[in-house]
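Chains as they are written, first to last, in the numbering used here: chain A, 1 to 360; chain B, 361 to 578.
What the hints contain is simulated information worked out from the structure, not anything from laboratory work.
Don't take each hint at face value.
Said to hold, decoys possible - Part of the chain A face toward chain B, derived, beta carbon under 10 Å:
# : residue
1 : F108
2 : K125
3 : S156
Claimed, not checked - Negatives, chain A to chain B, calculated, CB over 10 Å:
# : residue
4 : I269
5 : S284
6 : A294
7 : L310
All values reported here derive from a predicted model rather than from experimental measurement.
Here a beta-carbon is modelled for each residue, glycine too, at the ideal position from N, C-alpha and C.
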Amino acid sequence: MNSHTTVAPVATSRNKADSPDVVRLTDVRRHFGKTAALDGVSLSVKKGEILGIIGRSGAGKSTLIRCLNGLERPDSGSVLIEGRDITGLSEQQLQPLRRKIGMIFQHFNLLSAKTVEENVALPLKIEGLPKAARLKRAAELLELVGLSDKAKAYPSSLSGGQKQRVGIARALAGRPALLLSDEATSALDPETTHAILALLKDINRKLDLTILLITHEMEVVRTIADRVAVIDGGRIIEEGPVWSVFSDPQSETTKSLLNTIRPQLPAHIAQRLSQTPGGEAVLSVDLAGPDANAPLFADLSAALPNAFRLIHGGIDHIQDQPVARFFIGVPDPTRLDPVLQFLKGRSARVEVLGYDTRSV
Amino acid sequence: MTPVLFDLLLRSIWETLLMTGASGLISLLAGLPLGLALIATDRGGIAENLWINRLLGAIVNGFRSVPFIILLVALIPVTRLIVGTALGTWAAIVPLAIAATPYYARIAEVSLREVDRGLIEAVRAMGGNRWTIIREVLVPEALPGIVAGFTVTLVTLVGASAMAGAIGAGGLGDLAIRYGYQRFETNIMIAVVIVLIIMVCGIQWLGDRLVARLDHRA
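Working from the sequences, and respecting the hints, build out all of it.
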């Protein structure tokens with residue numbers, strides 16, 4: 001998805017920093033038997049922000065997202081939705097609150113016995129709106145998601161992407177303050193995934209809707225999230241703006257989750273690497289933000305002619321920020337130090353991965 | 361077949377239809393809520409209450425394990441209390457309905473249990489209460505199975521109503537035994553069997569048609 005915004009990312013994040021928290025979790029814990037699904041989770045989401053929570057299956061994502069609308073009750077900690085703690089509320093007190101929180105699901109969860117428009121109108125029926133009013137609203141929402149012609153169809157006749165569009169329309173029916181997305185694109189093919197993510201981003205901008213999504217796919221976070229939180233073992237182990245976490249992941253879990261979308265050293269080269277110096281040094285070079293816009297390798301080439309060769313890599317753009325990751329080889333051991341000095345002088349993060357003896 | 365016997369056949373058809381229809385309707389109205397109660401009170405149900413669940417389960421199993429012919433006789437005092445008499449077509453409806461209700465409750469329970477839990481979660485997430493879940497999710501989503509199960513129950517009732525002749529309820533079964541079997545009127549026996557086949561096929565056909573119209577699952 002391209003990400004042409006009229007608002008610069010920095011300005012956006014400043015605006016969001018001023019806006020109130022829609023969600024604020026403090027030290028939320030939830031145990032199932034002896035295993036902790038959530039082991040002290042604290043996080044907040046600002047109005048209009050898209051927070052992506054990523055983790056492997058079993059990391060506690062599903063429990064976490066269900067705590068936000070009271071489908072799951074934490075053992076301890078507080079869950080504030082628009083400033084109101086929902087942990088102490090009864091099921092009856094939670095029901096009106098849930099009408100202001102939309103939710104979309106991996107398997108869409110559309111009612112097979114109802115038509116598309118009846119599905120979209122259902123939250124409004126629960127709210128007690130008269131039939132004419134809810135069908136009018138359903139028509140507006142189907143227009144928004146581009147499915148006006150399917151109003152009278154049954155969900156079984158729709159494709160996966162269309163089903164999720166209905167799911168989104170349904171989630172928006174009650175004009176929610178918050179949209180929860182539970183692996184909403186995990187059952188879709190890559191092309192449909194991008195179309196759905198584009199729709200969510202579009203809705204986020206048009207309605208200034210706060211979105212909290214959980215996923216195991218970095219690509220989803222990369223495409224639409226403003227901020228990412230990595231969850232592992234029931235804890236948030238890393239959190240920050242997407243471009244910064246992607247360019248400089250701290251934890252092993254984050255790094256391995258990023259493997260699918262970040263350039264990796266080709267396996268046949270990685271296999272040959274030895275840790276004892278000798279032969280061509282193979283380096284990883286990471287650079288993000290404004291620093292990555294400078295012609296780094298052209299300058300390196302000019303300063304140290306023929307000192308290095310490009311092996312693999314590229315520049316990605318996340319939230320309009322360049323995030324570069326390259327693998328380079330330095331065949332001549334005597335030139336390794338000058339190369340390292342130069343790159344570090346340009347605020348690149350450089351790591352010597354090993355030495356490739358065969359390429360000498 | 362003499363005109364007298366033909367009238368007898370017509371009357372027996374009417375009696376069988378009456379017994380099957382009335383007891384079927386009662387078993388639907390009582391068995392569906394009972395089936396809902398069985399899944400709602402079960403572990404992880406929308407109104408989990410294992411104590412009530414076990415009690416209901418035991419009652420259902422108790423009634424289902426008694427052979428119908430014994431139930432028919434054992435319930436005579438109850439029948440007399442409700443209908444005023446223990447004999448005749450209306451009297452047979454009481455034990456038929458009491459036997460068919462737990463039977464149908466179990467069939468409905470199976471269909472209701474197959475409703476995707478994700479749908480229940482989705483409706484809870486949009487702020488629905490238990491009643492909403494029953495009305496908008498459980499019953500409509502399980503409806504094809506509920507109707508198909510009702511068809512099975514009706515067909516079973518057609519068969520069970522034959523035994524109701526034992527308490528003078530009349531009906532096709534009674535006619536077949538008294539005239540066809542005991543008086544060696546083979547024509548009557550053949551006619552009854554043909555009528556029963558047509559009746560069962562008709563019920564099944566209508567049921568299948570209705571299920572096909574109601575089923576919007578892929």
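Each hint, compared with the structure:
no., hint, verdict
1, F108, "holds, 8 Å"
2, K125, "holds, 8 Å"
3, S156, "holds, 4 Å"
4, I269, "holds, 45 Å"
5, S284, "holds, 42 Å"
6, A294, "holds, 48 Å"
7, L310, "holds, 48 Å"
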